[in-house]
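Participant: Listed below are the residues making up each chain.
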Amino acid sequence: MNLILLSAIWGVVMMFSGLFLNSKSAAKTVALVGAVALLIGNLFDLSGKMIINSDFKGMLHYERFGLLFLTVLILALLIYILLSGKDVEAVGKHSFEYFALIFFVMSGAGLVALFNNLLILFIGIEIVSIPLYILTGSDKRNLKGNEAALKYFLMGSFSTGILLMGIAFLYGAAGSFQVERLAAITSDNFTAFTTVGIVMVMVALAFKVSAAPFHFWTPDVYDGAPTVFTSFMATIVKAAIFIGFLNLFTNAFAGKADTWKLTVAVITALTLFIGNITAVYQQSVKRMLAYSSIAQAGFMLFAVFAVNDLSKQGLLLYAAAYCFATIGIFAVLVKMKDYTFEGFNGLAKRQPLVAFVLTVCFLSLAGIPLTAGFFAKYYVLAAAVKTGTYLWLVIFAVLMAAVSVYYYFRVIQAMYFKDGEAQELEITAPFKALLVVVAAVVVVLGVYPSLLTNMLFFF
Amino acid sequence: MIALLMILVPLIGGLVSFFLKQENKAKLWSFVVSLVSLAAISYSLVTGNEAGRSFSAEWLPQLGASFALKMDGASTLLCLLSALAYPVIFASTWKSTYASPNSFYGLMLLAQAGIVGVFLAADGLLFYFFWELALIPVYFLCSKWGGEKRIAVTFKFFIYTFIGSLLMLVGLLYMYFQTADGSFAMDSLYAVKLSGDQQTWLFWLFFIAFAIKMPVFPFHTWQPDAYEQSPTAVTMVLSALMVKMGLFAVVRWLLPLFPDAAVQFDNVVIGLSVIGMVYASIVAMQQDDLKRLIAYSSIAHIGLMSAALFVNNESGLQGAIIQFFSHGVNVLGMWIVVELIERKFGTRKMSELGGLAQKAPALTILLVIVALANVALPLTNAFIGEFLMFNGLFKFNVWYAAVGGLSIILSAIYTLRMIQKVFYGNENALTANNTDISFIEKAALAVIVVAIFVMGVYPSPVFNLTKDTASFILGIFK
Chain A
1 MNLILLSAIW
11 GVVMMFSGLF
21 LNSKSAAKTV
31 ALVGAVALLI
41 GNLFDLSGKM
51 IINSDFKGML
61 HYERFGLLFL
71 TVLILALLIY
81 ILLSGKDVEA
91 VGKHSFEYFA
101 LIFFVMSGAG
111 LVALFNNLLI
121 LFIGIEIVSI
131 PLYILTGSDK
141 RNLKGNEAAL
151 KYFLMGSFST
161 GILLMGIAFL
171 YGAAGSFQVE
181 RLAAITSDNF
191 TAFTTVGIVM
201 VMVALAFKVS
211 AAPFHFWTPD
221 VYDGAPTVFT
231 SFMATIVKAA
241 IFIGFLNLFT
251 NAFAGKADTW
261 KLTVAVITAL
271 TLFIGNITAV
281 YQQSVKRMLA
291 YSSIAQAGFM
301 LFAVFAVNDL
311 SKQGLLLYAA
321 AYCFATIGIF
331 AVLVKMKDYT
341 FEGFNGLAKR
351 QPLVAFVLTV
361 CFLSLAGIPL
371 TAGFFAKYYV
381 LAAAVKTGTY
391 LWLVIFAVLM
401 AAVSVYYYFR
411 VIQAMYFKDG
421 EAQELEITAP
431 FKALLVVVAA
441 VVVVLGVYPS
451 LLTNMLFFF
Chain B
1 MIALLMILVP
11 LIGGLVSFFL
21 KQENKAKLWS
31 FVVSLVSLAA
41 ISYSLVTGNE
51 AGRSFSAEWL
61 PQLGASFALK
71 MDGASTLLCL
81 LSALAYPVIF
91 ASTWKSTYAS
101 PNSFYGLMLL
111 AQAGIVGVFL
121 AADGLLFYFF
131 WELALIPVYF
141 LCSKWGGEKR
151 IAVTFKFFIY
161 TFIGSLLMLV
171 GLLYMYFQTA
181 DGSFAMDSLY
191 AVKLSGDQQT
201 WLFWLFFIAF
211 AIKMPVFPFH
221 TWQPDAYEQS
231 PTAVTMVLSA
241 LMVKMGLFAV
251 VRWLLPLFPD
261 AAVQFDNVVI
271 GLSVIGMVYA
281 SIVAMQQDDL
291 KRLIAYSSIA
301 HIGLMSAALF
311 VNNESGLQGA
321 IIQFFSHGVN
331 VLGMWIVVEL
341 IERKFGTRKM
351 SELGGLAQKA
361 PALTILLVIV
371 ALANVALPLT
381 NAFIGEFLMF
391 NGLFKFNVWY
401 AAVGGLSIIL
411 SAIYTLRMIQ
421 KVFYGNENAL
431 TANNTDISFI
441 EKAALAVIVV
451 AIFVMGVYPS
461 PVFNLTKDTA
471 SFILGIFK
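Chains A and B supply the protein sequences, listed in that same order.
My numbering applies: residue 1 is where the first sequence begins, and numbers increase by one.
My numbering applies: residue 1 is where the second sequence begins, and numbers increase by one.
To be clear, the hints were calculated from the coordinates, so they are not data collected in a lab.
It is possible that some hints are incorrect.
What the hints assert, rightly or not - List of simulated lysine-lysine pairs, DSBU-like, C-alpha gap at most 30 angstroms:
{"#": "1", "chain 1": "A", "residue 1": "151", "chain 2": "A", "residue 2": "286"}
{"#": "2", "chain 1": "A", "residue 1": "337", "chain 2": "A", "residue 2": "140"}
{"#": "3", "chain 1": "A", "residue 1": "337", "chain 2": "A", "residue 2": "151"}
{"#": "4", "chain 1": "A", "residue 1": "418", "chain 2": "B", "residue 2": "95"}
{"#": "5", "chain 1": "A", "residue 1": "418", "chain 2": "B", "residue 2": "156"}
{"#": "6", "chain 1": "A", "residue 1": "144", "chain 2": "A", "residue 2": "335"}
{"#": "7", "chain 1": "A", "residue 1": "432", "chain 2": "B", "residue 2": "25"}
{"#": "8", "chain 1": "A", "residue 1": "432", "chain 2": "B", "residue 2": "21"}
{"#": "9", "chain 1": "A", "residue 1": "386", "chain 2": "B", "residue 2": "70"}
{"#": "10", "chain 1": "A", "residue 1": "418", "chain 2": "B", "residue 2": "25"}
{"#": "11", "chain 1": "A", "residue 1": "349", "chain 2": "B", "residue 2": "467"}
{"#": "12", "chain 1": "A", "residue 1": "418", "chain 2": "B", "residue 2": "21"}
{"#": "13", "chain 1": "B", "residue 1": "349", "chain 2": "A", "residue 2": "349"}
{"#": "14", "chain 1": "A", "residue 1": "286", "chain 2": "B", "residue 2": "156"}
{"#": "15", "chain 1": "A", "residue 1": "286", "chain 2": "B", "residue 2": "149"}
{"#": "16", "chain 1": "A", "residue 1": "256", "chain 2": "A", "residue 2": "386"}
{"#": "17", "chain 1": "A", "residue 1": "28", "chain 2": "A", "residue 2": "432"}
{"#": "18", "chain 1": "A", "residue 1": "418", "chain 2": "B", "residue 2": "149"}
{"#": "19", "chain 1": "A", "residue 1": "432", "chain 2": "A", "residue 2": "418"}
{"#": "20", "chain 1": "B", "residue 1": "95", "chain 2": "A", "residue 2": "349"}
{"#": "21", "chain 1": "B", "residue 1": "156", "chain 2": "A", "residue 2": "349"}
{"#": "22", "chain 1": "B", "residue 1": "344", "chain 2": "A", "residue 2": "418"}
{"#": "23", "chain 1": "A", "residue 1": "349", "chain 2": "B", "residue 2": "478"}
{"#": "24", "chain 1": "B", "residue 1": "193", "chain 2": "A", "residue 2": "418"}
{"#": "25", "chain 1": "A", "residue 1": "349", "chain 2": "A", "residue 2": "286"}
{"#": "26", "chain 1": "A", "residue 1": "432", "chain 2": "A", "residue 2": "349"}
{"#": "27", "chain 1": "B", "residue 1": "193", "chain 2": "A", "residue 2": "386"}
{"#": "28", "chain 1": "B", "residue 1": "156", "chain 2": "B", "residue 2": "193"}
Stated by the list, open to error - Computed Cβ-Cβ distance ranges for the label pairs, DEER-style:
{"#": "29", "chain 1": "A", "residue 1": "356", "chain 2": "B", "residue 2": "62", "range": "23 to 33 angstroms"}
{"#": "30", "chain 1": "B", "residue 1": "22", "chain 2": "A", "residue 2": "90", "range": "36 to 46 angstroms"}
{"#": "31", "chain 1": "B", "residue 1": "468", "chain 2": "A", "residue 2": "48", "range": "50 to 60 angstroms"}
{"#": "32", "chain 1": "B", "residue 1": "21", "chain 2": "A", "residue 2": "144", "range": "56 to 66 angstroms"}
{"#": "33", "chain 1": "B", "residue 1": "267", "chain 2": "A", "residue 2": "196", "range": "52 to 62 angstroms"}
{"#": "34", "chain 1": "B", "residue 1": "475", "chain 2": "A", "residue 2": "196", "range": "51 to 61 angstroms"}
{"#": "35", "chain 1": "B", "residue 1": "95", "chain 2": "A", "residue 2": "356", "range": "27 to 37 angstroms"}
{"#": "36", "chain 1": "A", "residue 1": "43", "chain 2": "B", "residue 2": "97", "range": "48 to 58 angstroms"}
Every value quoted in this text rests on a predicted model; they were computed, and no experiment measured them.
We put the CB at the ideal spot given by N, CA and C, even for glycine.
Assemble the whole structure, with the sequences as input and the hints as a guide.
Facilitator: This is the structure in structure tokens:
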């Protein structure tokens with residue numbers, strides 16, 4: 001609860017401090033203070049000390065997994081603000097408002113992670129989505145950004161409608177929005193409408209996490225939005241929706257797995273295929289990362305597909321590995337003027353340290369051992385293998401992981417093996433130090449993933 | 001403890017090397033580090049302390065994975081090979097210069113750590129870790145310091161092996177969930193009882209990964225290009241050590257895990273291997289580039305070893321394990337000669353060379369010995385291994401031995417023709433102002449030649465060393 005409250009309040013604080021603080025560059029500092037406050041609030045959440053200790057008649061559910069997941073998201077937010085805060089300020093005139101919107105998104109993420117009632121899930125997803133429509137179009141003079149924002153808004157509203165419709169069907173079957181009541185739907189009143197409800201909710205959530213075939217908005221929006229906000233959308237927001245997805249299917253629908261398992265399997269396979277194959281053909285690193293985020297969503301869907309104990313550990317680790325690495329990559333990308341692969345040519349000579357950190361991040365995204373990405377993939381795939389069915393899907397997934405090596409390594413090749421006039425980057429010493437911290441976290445989690453997954457059981 | 005040292009010494013040495021920026025410092029440092037590895041393994045061989053060679057520590061208890069290293073006969077032999085190979089590689093390429101030597105030598109040592117890890121790992125997940133990690137430094141080495149087409153070629157090699165290892169990971173995960181105690185430990189995995197169908201498809205998931213690495217026909221297409229484009233020092237690592245990863249993995253993992261499938265598919269595997277032997281030998285005869293010639297000849301030799309591993313009798317298995325070592329030594333000698341020739345004349349084309357023997361007698365003598373060992377002449381190390389392997393193959397099925405035997409004849413043809421074209425005949429403009437090799441290069445080649453003769457005349461220590469591995473494998477099949 002602390003997190004949800006604090007982030008909503010801090011959003012308002014950000015907006016007002018914009019009125020009183022004239023210096024534009026104060027925004028990052030205020031946001032940083034807010035993020036630290038969120039982290040402290042979340043840690044109190046984890047130890048059970050809350051400002052308002054109520055679960056609102058069972059509508060929220062303070063589960064360790066959800067809270068821990070939010071810790072990961074807040075840490076990612078902290079890294080994001082530290083690395084890219086200056087670039088957020090540089091997007092336009094309203095630097096304080098951008099951060100305010102980001103804090104509202106975090107509040108929504110808190111609801112999505114802790115919901116125990118479909119209405120809360122719906123409200124959470126809306127709170128996450130609406131600020132994103134604004135952030136996408138925040139660079140007002142950029143036509144591509146405007147187009148992306150409108151597209152995102154229209155498609156997003158449409159999927160919201162589907163989500164609501166699905167919830168209505170489920171309400172009809174269970175007579176309640178509560179998750180326990182959904183789980184308790186007996187086979188007697190489990191009708192075709194219930195299946196339709198489940199599928200509609202699934203489709204809407206698949207849209208939000210940009211799973212194929214509902215991914216069409218993703219490349220345009222990620223490409224059109226200012227790059228700093230792409231970083232935020234592709235990482236923290238996506239992970240936040242995923243935990244809602246997993247929690248809903250674990251807590252409410254796990255008992256009816258046969259009605260949705262095949263559909264999720266097909267969505268997973270399609271997402272992996274389209275994300276990876278299309279990423280291969282991209283010429284711009286930003287767009288490649290957009291498709292790569294679709295591909296990575298495919299792997300995260302394995303957690304939803306498997307719904308067992310390994311899913312939770314897997315998604316937790318996946319969120320951490322994916323968010324940290326991607327935020328690190330985007331933080332450097334924002335500073336580059338040329339987003340093509342050629343723009344990275346010869347970067348290793350100019351900026352050996354930055355190139356090294358990027359390499360670690362890309363290796364992690366590709367899932368090479370000794371990086372967090374390996375164990376992230378390991379856990380979600382192990383979760384799927386453990387179910388003992390659909391082994392073809394796992395084999396398909398690893399083949400697609402091999403495809404992903406192709407486009408991730410193109411950047412590494414450009415940086416190290418190709419000569420070129422890499423652009424001058426304005427990189428400060430603290431920025432470099434933080435990048436090294438990100439790389440270190442990625443490697444440490446790649447050797448001892450239990451540092452994170454054990455937190456689910458002990459504190 | 002020795003097992004741990006074998007990994008830690010190159011690992012730490014490699015990391016330190018990245019920070020030695022001054023000219024030659026990294027080179028000298030790496031040479032010393034590689035000698036330390038050699039000293040460590042020699043010490044353990046002399047003291048003969050079997051128990052002290054293994055190591056185990058806790059790693060990820062929740063996953064049932066531990067940092068367990070086991071040094072049985074075959075892995076001791078391969079560790080010895082890599083410990084011996086590295087100083088020789090560094091010495092023979094002493095005069096080559098590389099851009100940013102600190103990274104080059106650092107990556108070389110990291111590759112050694114990964115490769116030795118594969119030879120030692122006694123835990124499925126750890127094995128997978130090292131299997132992939134050995135590849136990353138090699139990827140950077142080849143792509144950064146290789147020939148003209150290096151980036152595309154190395155990438156093909158990387159993706160090829162990466163696909164294989166991912167398939168193996170799926171198989172490994174499946175096995176893991178079948179174990180009684182949810183563990184990746186080698187003994188738990190060995191103890192899993194699988195049905196025939198399960199064995200079949202798991203066997204292929206693992207075998208493809210190993211076959212790509214070896215490489216066995218038809219998975220070999222990455223290999224000649226990769227050998228040709230890599231800097232020769234890296235080619236030595238690739239062909240003397242890395243291909244052994246695949247062969248060794250068959251001994252330690254594939255055969256004990258899926259014995260029934262191994263018997264069921266022995267004809268397929270041996271058939272592919274024998275086809276590969278003859279095919280590669282024929283292609284080798286057409287080559288003009290020395291590196292490609294040795295690359296194809298290496299495929300032929302590997303084919304024989306992979307066939308012998310599946311014949312399911314003692315002489316084949318023992319021969320193959322011994323040949324792991326002999327092939328490593330011999331191919332290293334061949335690459336050293338190629339490296340010396342290329343550095344001196346700037347070409348590897350046989351058609352452009354000739355008459356080297358007149359001004360470089362020492363090089364010629366040493367090369368002829370190495371080349372004869374490559375053809376497996378008696379008194380050389382390769383004879384012991386190849387004789388045993390053909391003996392095993394003969395017992396399994398006469399026709400395989402007969403067809404495979406062709407490759408021996410062919411190998412004599414292309415090897416002797418190579419000597420003839422490069423070293424004899426008349427000097428040309430390019431080779432006229434030739435000089436003999438320097439002391440350190442002579443020393444590196446001399447080590448190889450001594451190893452060839454010692455093992456060729458007195459092989460029994462190696463037999464004793466690898467007996468336990470061979471009898472263990474045969475015990476499984478009984």
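Participant: All hints, please: hold or fail.
Facilitator: To see whether the hints hold, each was checked on the structure:
Proposed proximity of residue 151 of chain A and residue 286 of chain A is supported: the alpha carbons are some 19 angstroms apart, at most 30 angstroms. Taking the CA atoms of residue 337 of chain A and residue 140 of chain A, the gap is near 19 angstroms; set against the 30 angstroms cutoff, the hint holds. Between residue 337 of chain A and residue 151 of chain A, the direct Cα distance comes to roughly 25 angstroms. Compliance with the 30 angstroms bound is thereby established for this hinted pair. Annotation: proposed proximity of residue 418 of chain A to residue 95 of chain B holds, straight-line Cα distance about 26 angstroms (limit 30 angstroms).
Restraint check: the Cα-Cα separation between residue 418 of chain A and residue 156 of chain B comes to about 17 angstroms, which is no more than 30 angstroms; the hinted pair holds. Between residue 144 of chain A and residue 335 of chain A the CA atoms are separated by roughly 19 angstroms; this keeps the pair inside 30 angstroms, and the hint holds. For the suggested pair residue 432 of chain A and residue 25 of chain B, the alpha carbons sit about 28 angstroms apart, so the restraint of at most 30 angstroms is met. Between residue 432 of chain A and residue 21 of chain B the CA atoms are separated by roughly 21 angstroms; this keeps the pair inside 30 angstroms, and the hint holds.
Distance check on the hinted pair: residue 386 of chain A and residue 70 of chain B sit about 28 angstroms apart at the alpha-carbon level, within 30 angstroms; holds. With a CA separation close to 26 angstroms, the supplied pair residue 418 of chain A and residue 25 of chain B stays within the 30 angstroms bound. Straight-line distance between C-alpha atoms of residue 349 of chain A and residue 467 of chain B comes to about 51 angstroms, which puts the hinted pair past the 30 angstroms bound. Of the supplied pair hints, the one linking residue 418 of chain A and residue 21 of chain B holds, its CA atoms being roughly 22 angstroms apart against a limit of 30 angstroms.
Using a Cα cut-off of 30 angstroms, the hinted pair residue 349 of chain B and residue 349 of chain A is violated, with the two alpha carbons roughly 34 angstroms apart. Restraint check: the Cα-Cα separation between residue 286 of chain A and residue 156 of chain B comes to about 25 angstroms, which is no more than 30 angstroms; the hinted pair holds. Of the pairs offered as hints, the one joining residue 286 of chain A and residue 149 of chain B holds, with about 27 angstroms between alpha carbons and a cut-off of 30 angstroms not exceeded. In summary, the hint linking residue 256 of chain A to residue 386 of chain A is supported, as the alpha carbons are separated by about 18 angstroms, within the 30 angstroms threshold.
Proposed proximity of residue 28 of chain A and residue 432 of chain A is supported: the alpha carbons are some 18 angstroms apart, at most 30 angstroms. For a cut-off of 30 angstroms, the pair hint linking residue 418 of chain A to residue 149 of chain B stands: about 12 angstroms separates their Cα positions. Between residue 432 of chain A and residue 418 of chain A, the direct Cα distance comes to roughly 23 angstroms. Compliance with the 30 angstroms bound is thereby established for this hinted pair. Only pairs whose Cα atoms come within 30 angstroms are accepted, and residue 95 of chain B paired with residue 349 of chain A is accepted, the gap being roughly 25 angstroms.
Restraint check for residue 156 of chain B and residue 349 of chain A: satisfied, since their Cα atoms lie roughly 25 angstroms apart, inside the 30 angstroms limit. About 27 angstroms separates the Cα atoms of residue 344 of chain B and residue 418 of chain A, which keeps this hinted pair within 30 angstroms; it holds. Taking the CA atoms of residue 349 of chain A and residue 478 of chain B, the gap is about 59 angstroms. The hint is violated against a cut of 30 angstroms. For the given pair, residue 193 of chain B sits about 51 angstroms from residue 418 of chain A by alpha-carbon distance, which is inconsistent with the 30 angstroms threshold.
Between residue 349 of chain A and residue 286 of chain A the CA atoms are separated by roughly 22 angstroms; this keeps the pair inside 30 angstroms, and the hint holds. In summary, the hint linking residue 432 of chain A to residue 349 of chain A is supported, as the alpha carbons are separated by about 16 angstroms, within the 30 angstroms threshold. With a C-alpha separation of about 17 angstroms, the suggested pair residue 193 of chain B and residue 386 of chain A falls inside the 30 angstroms cut-off, and the hint holds. Distance hint between residue 156 of chain B and residue 193 of chain B is unfulfilled; the C-alpha atoms sit about 36 angstroms from each other, more than 30 angstroms.
Against the hinted window of 23 to 33 angstroms, the Cβ-Cβ separation of residue 356 of chain A and residue 62 of chain B comes to about 31 angstroms, which satisfies the hint. For residue 22 of chain B paired with residue 90 of chain A, a C-beta distance near 41 angstroms keeps the hint of 36 to 46 angstroms intact. Checked against the hint of 50 to 60 angstroms, the pair residue 468 of chain B and residue 48 of chain A passes, with Cβ atoms roughly 57 angstroms apart. Distance hint for residue 21 of chain B and residue 144 of chain A: a CB-CB separation of about 45 angstroms, inconsistent with the stated range 56 to 66 angstroms.
A hinted range of 52 to 62 angstroms holds for the C-beta pair residue 267 of chain B and residue 196 of chain A, which are about 54 angstroms apart. Look at residue 475 of chain B against residue 196 of chain A: about 60 angstroms separates their beta carbons, and that is inside 51 to 61 angstroms. The beta-carbon spacing between residue 95 of chain B and residue 356 of chain A, approximately 30 angstroms, falls within the hinted interval of 27 to 37 angstroms. Evaluation of the 48 to 58 angstroms hint for residue 43 of chain A and residue 97 of chain B yields a pass: the beta carbon distance comes to about 55 angstroms.
Hint compliance for this structure: hints 11, 13, 23, 24, 28 and 32 are not met, and every other hint is.
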